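**Student:** Sequences and hints are given; from them, build the entire structure.
Protein chains in written order, with our numbering: chain A, 196 to 342; chain B, 7 to 330; chain C, 115 to 776; chain D, 5 to 350.
Heads up, some of the hints might be wrong.
[What the hints assert, rightly or not] Pairs of lysine-lysine residues, derived as DSS-like cross-links and limited to a Cα-Cα distance of at most 30 angstroms, are as follows: (1) D:Lys77 / C:Lys173; (2) D:Lys154 / D:Lys195; (3) C:Lys137 / D:Lys74.
Keep in mind the hints are simulated off the structure, nothing from the lab. All values reported here derive from a predicted model rather than from experimental measurement.
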Amino acid sequence: MSIEANEEFKPKIVAFCCNWCSYAGADLAGSSRLAYPADVKIIRVPCSCRVNPMFILRAFEKGADGVILCGCHPGDCHYSTGNFYARRRMTMLFSMLDYMGVENGRTRVEWVSAAEGVKFSTTMNEFVQKIHSLGKNVRLGDLRCRN
Amino acid sequence: MQELIARAKELLADGTVARVLGWKAGDLPYNPEPAYFEKEEDFKDFVYNSFCGANLSKFMIEASKLEGKTLVCLKPCDTYSFNQLLSEHRVDRDKAYIVGVGCKGKLDIEKIKKQGIKGIKSISGAEISDEADTLTIDTIYGEKTCAFSDAMLERCHVCKGKEHKIYDEIIGESKETKDAERFAEVERIEAMSPEEKFAFFRKELSKCIRCNACRNVCPACSCRKCVFDSTKFDSSQKANVDSFEEKMFHIIRAFHVAGRCTDCGECSRVCPQGIPLHLFNRKFIKEIDELYGEYQAGETVVEKGPLTSYTFDDVEPGIVAERG
Amino acid sequence: MQRIGVFVCHCGTNIAATVDVAKVAEMALNEQGVVHAEDYQYMCSEAGQAKIQAAIKEKNLTGIVVCSCSPRMHETTFREAAERAGLNPYMVEIANIREHCSWIHKDVEEATKKAVILMRAAVAKVNLNAPLKPGESRVTKRALVIGGGIAGIQTALDIADAGYKVDIVEKTPSIGGRMSQLDKTFPTLDCSACILTPKMVEVNKHENVTIYTYSEVEKVSGFVGDFTVDIRKKARSVDMDKCTGCGVCQEKCPSKKTLSEFNRGLNTRSAIYTPFAQAIPNVPVIDRDSCMKFQTGKCGVCSKVCQAGAIDYEQQDEIITEKYGAIVVATGFDMIKLDNYDEYAYSQSPDVITSLELERVMNAAGPTKGHLERLSDGKAPKEMVFIQCVGSRCSDDRGKSYCSKICCMYTAKHAMLIRDKYPDVNVTVFYIDVRTPGKNFDEFYRRAVEDYGVNYIKGQVGKVIPQPDGKLLVRGVDLIDNKQILKEADMVVLAAAIEPNPDVRKIATMLTASIDTNNFLTEAHAKLRPVESPTAGIFLSGVCQGPKDIPETVSQAGAAAVKAIGLLAKDKLMTNPCTAHSDELMCNGCSQCANVCPYGAISYEVKEINDHGVRETRRVAVVNNALCQGCGACTVTCPSGAMDLQGFSNRQILAEVDAICR
Amino acid sequence: MYKIAKENLSALFRKIAESQELYLPIENCGQVNYGVWTEDANVNIDILKTVKSPKDAFFPQSENLYTCVKEDKKISIKAEQLKEQDFVVFGMKACDIQGVEVLDKVFLSEPVDSFYKARREHGVIVAMACGEPEETCFCKVFGIDPADPKADVATWIIDGELFWKPLTDKGEALTDAVKDVFAEDSSADAKVEAKKEEINKITEQLPYMKLSLEGWNGDSLDEKFNSPVWEELYKPCLACGTCTFVCPTCQCYDIKDYDTGHGVQRYRCWDSCMYSDFTMMAHGNNRNSQMQRYRQRFMHKLVYFPANNDGMYSCVGCGRCVEKCPQSLNIVKVIKAFENQGGEKA
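**Tutor:** As structure tokens, this is what we get:
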């Protein structure tokens, strides 16, 4: 991990995790003691399809440097189809952010099952690293509230 | 136009319709307004010319609640919006008598004025019966001319075709006015570097005054109460001290109409600050076409749109980063 | 304005060693609405819960936040504690400062900072919580068991014995499953058929059990206590009521070229067939793909020879719709395909076979009538080599990462049986480890080595090379003697990995039950709830949950039955109150929410709405709370935000976002 | 009177901007609005009407009022600074200047709006006569002379030169500070008079300039309010805020709080009487149909405001709403609708 490289920058990262797979995957990462940076803060949602693009934009508005959405693997959604909708919605949202010139690496979707503690941890490590490489969210910072 | 008026009067007289939704001449040569006509004598002001750009389909939401049928004049592109509204149960087909009116392209007075033409007294060449390619404009500073196509609304340059997608009868000839690629502008932006893209949108959106005209005119934005007007998201319908709200408003608006927007172009037509708002919606249309298969909202009445359906093998959101 | 209490758990040192719990409690007092904060050793203990209850009463708390382990662990515990103190259980929020914080961070300062932020997010959320009341739903007193192997049979019997109706749906023409294909069973060497057949008969005769063979689950809707299932009963082309099971049709059938599924393709069967002699029901099916009557229209022999007139070429698939309170998945396993292991020459030589194929070879009803012989030339083998872990415990993506668990034991069984029956046959087993953790298992393995002289070599086989003379050259290593081994063998038996039945993915999707990367169904808790799926009302029996042998399968089948019985014994269930709700003042009636609802929980009504004095008759969405499972798909589809999710409302989630980004 | 060649105007702007902020029409993405001058700004002083009126200079679309800062459970209030530096608004037309006078009536009467007052005190208005008024203009109806704007400084553009005439002390002071860049012209007065004449001739030909306001005063309040004409007029209205936001006299604002996470920012922003939540209260809205909201806007401009302000209309005839309304509705159509109705009655 190259986190020591930039001690000044403590990114704010919001992770939306579905209750059934990814939140449990995060729990498994925890009980397996698979470390990932403390910059990641998890919000539990029932399903990835509960995540409204407004939540993600709101996180950026309030100063987040990265937002990641985790849900069950396609086909494994606890509610059958939730993540399919989430997948299309997020594809659309991310493409719009990219189109507007906001770095697309600041948003990510990853499917993490309840059994994938390792994947959860690696994903978070990777994502934090990515955000470090992108640095502070200057561009979206321009979109941010003044305080 | 006379045929249209005659037919409208006939349908009013025989009780088929209770009112007619069309356009009323304004007091300048270029400012007709949408209007209802209920009595024969009202028709003295009825007008249908190349300045009648407004898409009347959204008015049918309210008109559907009125007693009796409303005759509504829809241009070919407006019929897509009507179909979409039908799909969403926002209008009542039984309350509409749709007259598909001919269209040969609609004019944007701003584009005429941009050419330095001011003090306009009259404009000829804008009648629906006119065949001329040139508008002749009489101004207090003398007579000016302007090519019809140079004064056309942006949407007419990417015209979806002269076919009405839903109608009870058609009156008048239509002409396809397409002379540009629909996605050319979107592609131009896509080809920019992230810095250029950001600069482009920031500059354009910095003009936004949050008048909400784009939203209020949009047939897809048919919410009774917009999420930006409600307290549910702590979002504001008015200008905020920070600039993010404007961007959020436009991104979310585009997202909410994604898969439902027919690309009628009303948003760009009405923006008082000339923001090319269609570039947001058209980006989504392009993405939907490319990622989920060609889709034209409002082509027919459908139950599910691209964002309320899925396939198992849909691309992952990571595609956005991968294709760079 | 809420009055919130914050309770920070030490979890012994699990949390307290890395998080300054006192600091978290102290910081909590600065948060909006917080009037009480304390930390304690074990919040989930009786004493801890008593502290929470005391604070609720003394400080008139309207909401509480417990900073502790995952809500998946103790949310219910704390909700119930709160309820006993008179607080609505949905006024409780958990900040997960163990799994998501103390266990993954080492630096105390950093972990404490994060714990404080997680606490703030929970407080921000609970500030917007509203008391919720669960609804009630009825329980249909009938269970469905998917799969008619030993797991399904045992589960069905146990449920039926408890007095509830059970239906078994089996895809193949007979129940019995994999166990019916086995010859002998370890570690007692009983004949598999001898112990299975009585169970098959028992379940078939049981008055509470209905068996649908040659049938598949087509559609599942509903939820715990009230599932509605469509079962496709495939056309058997034989009338089950008329058929006497005489077997003449099978004898006379001219089309006998289809590979027998039951004998693993080692021999053929007729187009009209029962998979094996003891099949239940003992009614054949016509395999329409290989039947000449169906393929060419010419034949009809079976119909002519059938005395009972049971053949019915016109029979159609039938859809049976039934309601169930509980569903048990017992879909079992299959061997993996060996395409990725061509070095073992499975596709090249008929004398390289899998263990399950060996079971059929050894079985008196099998393709060789129980004689051990080479399938290429029918000669008796002299040298046999068994290769273990083919596709199991695999570190790359060629095979499976897991241990298939049963192979060590059945290979010992095979080796022992061969040495017993054919003492002149030399048996060599290549293994990575021999794993024998089971009652009488190690003794069994030691007998194979010590009493029967089976040659166990620790090491792997690199290649099996068919020789021109028909022999197989086995190239392996002996890790203990650290030498290369070249061995000529007459037969090679591969202990191929087992994997969940490929159909399980489709079934899991229908049931909305979660599945792991290996396609095993996920249990609700690896230790504490091993036979329940996280999806309420779905239970797991047998290998669909993970590799296991027969005794384990049977005990798990019983456990799943008990859980199902526990559910069926209830008359009513409390429903999750975290359901969607549409604000009719804002609803457009556009139907987009109904388009994405997986439960058909949203319908529309035309009704008069009074919006602050403006009356209008409009079409609005109405959510059926019994059907809604609270996924929230509708809330994002709704452009106006009229649709919101109780317990996870837009404002609550935004408050969490704000608190984290603050 | 001073003058400066048009091509040298950037020297004048640079000079003004040396010591203060300078607002003037700047083109951005094809639209001209007032903005702060910078060296690379794309200044367009030939524009007749900016999209938004220059009222932002005195009454910005949104501004902070104060900020509450929350630390633990302690709350402190940080007041927003009032405008303390001088600034110049260059190129305002006569109608927009009258617009500011309308705002003065609202914000400078008791209780005085201190934010607005500070800006008015520090702002110097450099007016510019309208070179080529357009068919949408009707300032004369409200007694405004587009050829002779009254502000701190008045300017005219004549044949490629800008003529500069200070009219007030503030104007003199600004002139003193920048006069290095000017030349003198003894025939200036004559040229300006000729220009005014020319402008007036154009104005004569404009269709809206002779609009009659007869009957639009406080006396006919009830009659106007209850007229069935509104029912017809409002129908195409989209309820957007375009007319109000481009209008130089609309002065309604909303006060809102923004949660910063560390407290609250209280700000105000322009509101529009066209919006459904305008004057929304707990019980609902006292104008709950668009007809009522539509009527309110014009009744306010043409009836209520003059009734309370010695006959001063709060429309200045700039014609922006005529140009910008998405559905081609506007105040002229309203005035004419009542004119016709009056005619019918007579």
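**Student:** Which hint numbers doesn't this structure obey?
**Tutor:** When the structure is compared with the hints, none of them turns out to be violated.
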